[in-house]
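Number of protein chains: 2
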Amino acid sequence: MSSIAPLQDLVFRGEGGGTIVFVVMDGLGGLPDPKTGLTELESASTPNLDGLACRSSLGSLLPVGSGITPGSGPGHLALFGYDPVANIVGRGVLSALGVGFDLEPGDVAARINLATVDSDRIVLDRRAGRISDDEGRRVVEKVSGAVKNIDGIDITLIHEKEHRAVLIMRGDGLGVDVAETDPQLVGLKMIEPDASNEHSVRTANVVKILLEQVDNILADESVANAFLVRGFGAHPNYSSFPERYGLNALAVAKYPMYRGVARLVGMEIATPPLSNEQTIETLENNFGSHDFYFLHFKDTDTSGHDEDFEGKMAAIEEIDSMIPRILNLNPDVLVVTGDHSTPTLLGEHSWHHVPTMIHSKWARPSSDAFGETSCRGGDLGVLHGIDLMPLVLAHSLRLNKYGA
Amino acid sequence: MSSIAPLQDLVFRGEGGGTIVFVVMDGLGGLPDPKTGLTELESASTPNLDGLACRSSLGSLLPVGSGITPGSGPGHLALFGYDPVANIVGRGVLSALGVGFDLEPGDVAARINLATVDSDRIVLDRRAGRISDDEGRRVVEKVSGAVKNIDGIDITLIHEKEHRAVLIMRGDGLGVDVAETDPQLVGLKMIEPDASNEHSVRTANVVKILLEQVDNILADESVANAFLVRGFGAHPNYSSFPERYGLNALAVAKYPMYRGVARLVGMEIATPPLSNEQTIETLENNFGSHDFYFLHFKDTDTSGHDEDFEGKMAAIEEIDSMIPRILNLNPDVLVVTGDHSTPTLLGEHSWHHVPTMIHSKWARPSSDAFGETSCRGGDLGVLHGIDLMPLVLAHSLRLNKYGA
Chain A
1 MSSIAPLQDL
11 VFRGEGGGTI
21 VFVVMDGLGG
31 LPDPKTGLTE
41 LESASTPNLD
51 GLACRSSLGS
61 LLPVGSGITP
71 GSGPGHLALF
81 GYDPVANIVG
91 RGVLSALGVG
101 FDLEPGDVAA
111 RINLATVDSD
121 RIVLDRRAGR
131 ISDDEGRRVV
141 EKVSGAVKNI
151 DGIDITLIHE
161 KEHRAVLIMR
171 GDGLGVDVAE
181 TDPQLVGLKM
191 IEPDASNEHS
201 VRTANVVKIL
211 LEQVDNILAD
221 ESVANAFLVR
231 GFGAHPNYSS
241 FPERYGLNAL
251 AVAKYPMYRG
261 VARLVGMEIA
271 TPPLSNEQTI
281 ETLENNFGSH
291 DFYFLHFKDT
301 DTSGHDEDFE
311 GKMAAIEEID
321 SMIPRILNLN
331 PDVLVVTGDH
341 STPTLLGEHS
351 WHHVPTMIHS
361 KWARPSSDAF
371 GETSCRGGDL
381 GVLHGIDLMP
391 LVLAHSLRLN
401 KYGA
Chain B
1 MSSIAPLQDL
11 VFRGEGGGTI
21 VFVVMDGLGG
31 LPDPKTGLTE
41 LESASTPNLD
51 GLACRSSLGS
61 LLPVGSGITP
71 GSGPGHLALF
81 GYDPVANIVG
91 RGVLSALGVG
101 FDLEPGDVAA
111 RINLATVDSD
121 RIVLDRRAGR
131 ISDDEGRRVV
141 EKVSGAVKNI
151 DGIDITLIHE
161 KEHRAVLIMR
171 GDGLGVDVAE
181 TDPQLVGLKM
191 IEPDASNEHS
201 VRTANVVKIL
211 LEQVDNILAD
221 ESVANAFLVR
231 GFGAHPNYSS
241 FPERYGLNAL
251 AVAKYPMYRG
261 VARLVGMEIA
271 TPPLSNEQTI
281 ETLENNFGSH
291 DFYFLHFKDT
301 DTSGHDEDFE
311 GKMAAIEEID
321 SMIPRILNLN
331 PDVLVVTGDH
341 STPTLLGEHS
351 WHHVPTMIHS
361 KWARPSSDAF
371 GETSCRGGDL
381 GVLHGIDLMP
391 LVLAHSLRLN
401 KYGA
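Line by line, the protein sequences give chains A and B. Position one of the first sequence corresponds to residue 1 (the working numbering), numbered consecutively onward. Position one of the second sequence corresponds to residue 1 (the working numbering), numbered consecutively onward.
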């Protein structure tokens with residue numbers, strides 16, 4: 001996998017250049033409907049995306065690696081130009097940032113699933129009956145109200161959504177190599193959070209004590225009476241978007257997860273929009289104040305998970321209808337891509353390439369359609385996720401020549 | 001070049017997933033006939049491969065590296081997902097495994113060519129008049145009957161085919177950095193097997209003594225009176241297919257060389273078939289017992305070497321006719337590829353990309369033909385040899401998501 005990283009100091013200008021709008025349609029890539037041979041994107045009516053394709057360089061984006069199905073975190077890190085394999089980030093870190101917690105170097109974060117267990121910690125339901133937001137928050141706050149510090153380590157517990165919460169530990173000497181306590185299958189006993197190296201013994205001990213306290217505090221709960229802890233991770237200490245690219249970036253995303261990834265790479269976070277309409281309005285209201293605007297749209301992924309082909313078509317068509325409003329702002333570069341594929345046929349994230357286009361005055365167009373088939377034959381060929389940002393910077397004329 | 005290796009522990013499920021049939025047509029890729037503009041594969045009548053292409057993801061496979069013409073060993077290692085550059089394996093090792101010798105870690109193997117030399121070791125014929133199998137075996141056994149151990153090192157000599165044989169040395173302190181004794185040109189003197197580092201001094205000394213003994217033992221032979229020794233290599237200690245991929249694999253190959261490579265990566269070896277028909281029968285008789293079936297077909301390569309365009313077409317058509325029998329077994333993934341190109345126009349292995357397809361329920365088809373031209377425009381683009389296995393595993397749903 002190539003990367004601009006070794007050339008960074010040589011070619012980054014650090015300032016100046018055009019304005020970039022970076023649209024991520026989550027899970028954009030799909031698989032063809034066996035009846036028509038057309039994917040969700042190819043089946044949708046997308047006059048504006050197609051019109052944009054006529055003036056864009058197209059390519060098939062390979063998010064993380066051949067055959068690798070990325071989660072949202074690695075998928076977005078790659079899009080932002082941060083190698084998600086060389087820099088493996090725990091999901092807990094992404095969740096902590098997603099709920100707006102200001103993670104500091106040294107902190108260790110983990111994800112929590114509220115679960116139902118019996119008196120022997122045999123797991124009866126890994127998601128506590130997919131508990132409601134209100135109930136989930138009530139249970140998490142019951143524990144967080146009682147547990148503030150364990151063995152000198154500050155404990156923060158924040159409810160995320162439904163059965164999901166985040167644990168952040170702050171203090172000295174915390175490692176991340178601790179066994180996940182989720183046995184993955186109902187009917188199995190919770191796994192002990194043992195450390196797999198010396199550096200993580202203190203973390204493991206804190207989690208063990210926390211789980212014992214949870215046993216007591218939630219003893220009278222009939223549904224959510226246990227924490228499954230997983231995705232341990234430490235702050236990765238990335239160089240930020242401004243440092244790395246000289247880009248003053250604004251992230252506009254409805255869901256905490258994506259704001260979290262944006263925060264991790266040093267983007268400023270706009271007031272969270274409540275709808276796709278508000279996402280575009282936020283761009284319109286802030287256009288001119290930043291160099292780079294990351295807009296995240298989730299519905300394409302959600303309908304993919306729901307195996308809802310027409311729903312995914314509709315989600316794509318809604319974004320298509322907003323493209324003219326973005327173009328009215330006259331950005332120098334407009335990117336449309338996805339963090340991974342979520343084919344409705346599969347109902348999950350997948351490893352397939354993602355249709356991608358870079359619209360700018362310097363594009364080499366190849367088709368009058370935006371889809372998996374046209375992108376396959378596009379000027380950018382198959383491109384690795386981490387190679388997208390250098391191209392975006394180049395199209396905004398932000399890179400110096402390498403060598404004279 | 002990307003690779004799944006750093007993610008291996010994170011994404012490999014280790015068990016479960018669909019059954020894979022992996023067909024290698026040796027030297028499959030070709031060059032266009034100047035009269036028609038069509039390659040051997042494109043000129044052949046291949047209704048079954050074309051039908052399969054309609055339901056497969058296509059790509060152009062770059063076996064080892066840009067401009068690199070691979071031998072069969074590196075070509076197959078790459079197809080099996082083992083980086084053949086990071087882990088260079090001596091040809092002797094592949095030959096030793098090919099003749100069924102159970103190589104152990106620490107062993108050093110080399111290839112031997114029976115040759116004709118004069119009394120000053122000037123080479124008169126590098127292949128001893130392309131001696132017959134029977135004559136070759138007689139001469140090799142004449143030496144192996146007399147030489148069992150040199151300086152504490154066990155010596156094994158096994159006749160391979162015609163003028164080719166294998167030398168295996170077993171004992172402590174054997175390195176592989178020894179000069180090859182073949183001067184490559186007739187009329188030049190055999191090269192001394194000198195060591196190029198300290199670690200290989202013992203090996204060099206053993207080979208020198210062996211060659212002196214050969215001078216005596218074969219002094220009365222008029223044709224095959226010398227050994228040219230080359231391709232020194234040590235057992236590479238690869239992680240095996242079961243360890244690396246969780247795949248219980250069966251290799252079905254007529255020729256020892258390919259069984260050798262399969263053995264090197266921990267595949268089980270089926271009773272060698274005597275024909276292509278028996279290769280398919282072996283698959284049919286064993287289907288269900290393994291996760292992964294490697295089928296090797298040689299004739300495409302042989303006719304390429306023979307510069308026999310129509311012969312290569314016929315070899316392709318024979319395999320085409322067997323595709324329905326493979327599909328009748330209903331594998332979850334069927335791969336058709338080659339270890340390198342052997343264009344009949346060139347008459348040798350070449351560096352050109354190899355037409356490749358992955359058939360599965362999760363494919364993204366792009367053409368109704370299987371050929372160099374259609375694969376060039378395929379969904380997989382140009383893919384590196386070592387990136388094929390991760391894709392194959394992904395299509396058999398054997399990989400976990402990386403990050404949530």
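Keep in mind the hints are simulated off the structure, nothing from the lab. The reader is advised that the hints may include incorrect statements.
Repeated chains share a single entry, so a pair holds when one copy, or any two copies, can fit it.
In silico EDC-like links for lysine to aspartate or glutamate, alpha-carbon gap of 20 Å or less [what the hints assert, rightly or not]:
| no. | residue 1 | residue 2 |
| --- | --- | --- |
| 1 | Lys298 | Glu281 |
| 2 | Lys35 | Glu162 |
| 3 | Lys35 | Asp154 |
| 4 | Lys401 | Glu180 |
| 5 | Lys35 | Glu198 |
| 6 | Lys254 | Glu243 |
| 7 | Lys401 | Glu348 |
| 8 | Lys254 | Asp154 |
| 9 | Lys189 | Glu141 |
| 10 | Lys35 | Asp133 |
| 11 | Lys142 | Asp83 |
| 12 | Lys401 | Asp306 |
| 13 | Lys361 | Glu348 |
| 14 | Lys254 | Glu180 |
| 15 | Lys401 | Asp172 |
| 16 | Lys361 | Asp308 |
| 17 | Lys161 | Asp308 |
| 18 | Lys189 | Asp154 |
| 19 | Lys161 | Glu221 |
Remember, predicted model here, so these are calculated numbers, not experimental data.
Hints and how they fare:
For the identical chains of this complex, Lys298 and Glu281 are intra-copy neighbours only, at 17 Å inside a copy versus 50 Å across copies, given an alpha-carbon limit of 20 Å. In this assembly of identical chains, Lys35 and Glu162 lie within 20 Å of each other by CA distance neither inside one copy nor across copies; the values are 37 Å within and 56 Å between. In this assembly of identical chains, Lys35 and Asp154 lie within 20 Å of each other by CA distance neither inside one copy nor across copies; the values are 56 Å within and 65 Å between. For a Cα distance limit of 20 Å, the shortest separation of Lys401 from Glu180 across copies, 16 Å, qualifies, whereas the shortest one inside one copy, 47 Å, does not.
For a Cα distance limit of 20 Å, the shortest separation of Lys35 from Glu198 qualifies neither inside one copy, at 56 Å, nor across copies, at 67 Å. With identical chains, the CA atoms of Lys254 and Glu243 are never at most 20 Å apart, being 26 Å at best within one copy and 42 Å at best between copies. When the C-alpha separation of Lys401 and Glu348 is checked against a cutoff of 20 Å, the pair qualifies only between copies, where the shortest distance is 9 Å, while the shortest distance within a copy is 41 Å. In this assembly of identical chains, the alpha carbons of Lys254 and Asp154 never lie at most 20 Å apart, being 29 Å within a copy and 66 Å across copies at closest.
Taking the shortest Cα distances, Lys189 and Glu141 never come within 20 Å of each other, neither inside one copy (25 Å) nor across copies (63 Å). When the C-alpha separation of Lys35 and Asp133 is checked against a cutoff of 20 Å, the pair qualifies neither within a copy, at 39 Å, nor between copies, at 57 Å. Within a single copy, Lys142 and Asp83 get their C-alpha atoms no closer than 39 Å, and across copies no closer than 53 Å, so neither meets the 20 Å cut-off. In this assembly of identical chains, Lys401 and Asp306 lie within 20 Å of each other by CA distance solely across copies; the values are 18 Å between and 46 Å within a copy.
In this homomeric assembly, Lys361 and Glu348 come within 20 Å of each other (Cα to Cα) only across copies, at 14 Å, whereas the closest approach inside a single copy is 36 Å. For the homomeric pair Lys254 and Glu180, neither the shortest alpha-carbon distance inside one copy (29 Å) nor that between copies (47 Å) is at most 20 Å. In the homo-oligomer, the alpha carbons of Lys401 and Asp172 never lie at most 20 Å apart, since the shortest distance is 45 Å inside one protomer and 32 Å across protomers. Taking the closest pair of Cα atoms, Lys361 and Asp308 come within 20 Å of each other only across two copies (18 Å); inside a single copy the shortest separation is 36 Å, beyond that limit.
For a Cα distance limit of 20 Å, the shortest separation of Lys161 from Asp308 qualifies neither inside one copy, at 23 Å, nor across copies, at 60 Å. In this assembly of identical chains, Lys189 and Asp154 lie within 20 Å of each other by CA distance neither inside one copy nor across copies; the values are 28 Å within and 54 Å between. Taking the closest pair of Cα atoms, Lys161 and Glu221 come within 20 Å of each other only inside a single copy of the chain (19 Å); across copies the shortest separation is 76 Å, beyond that limit.
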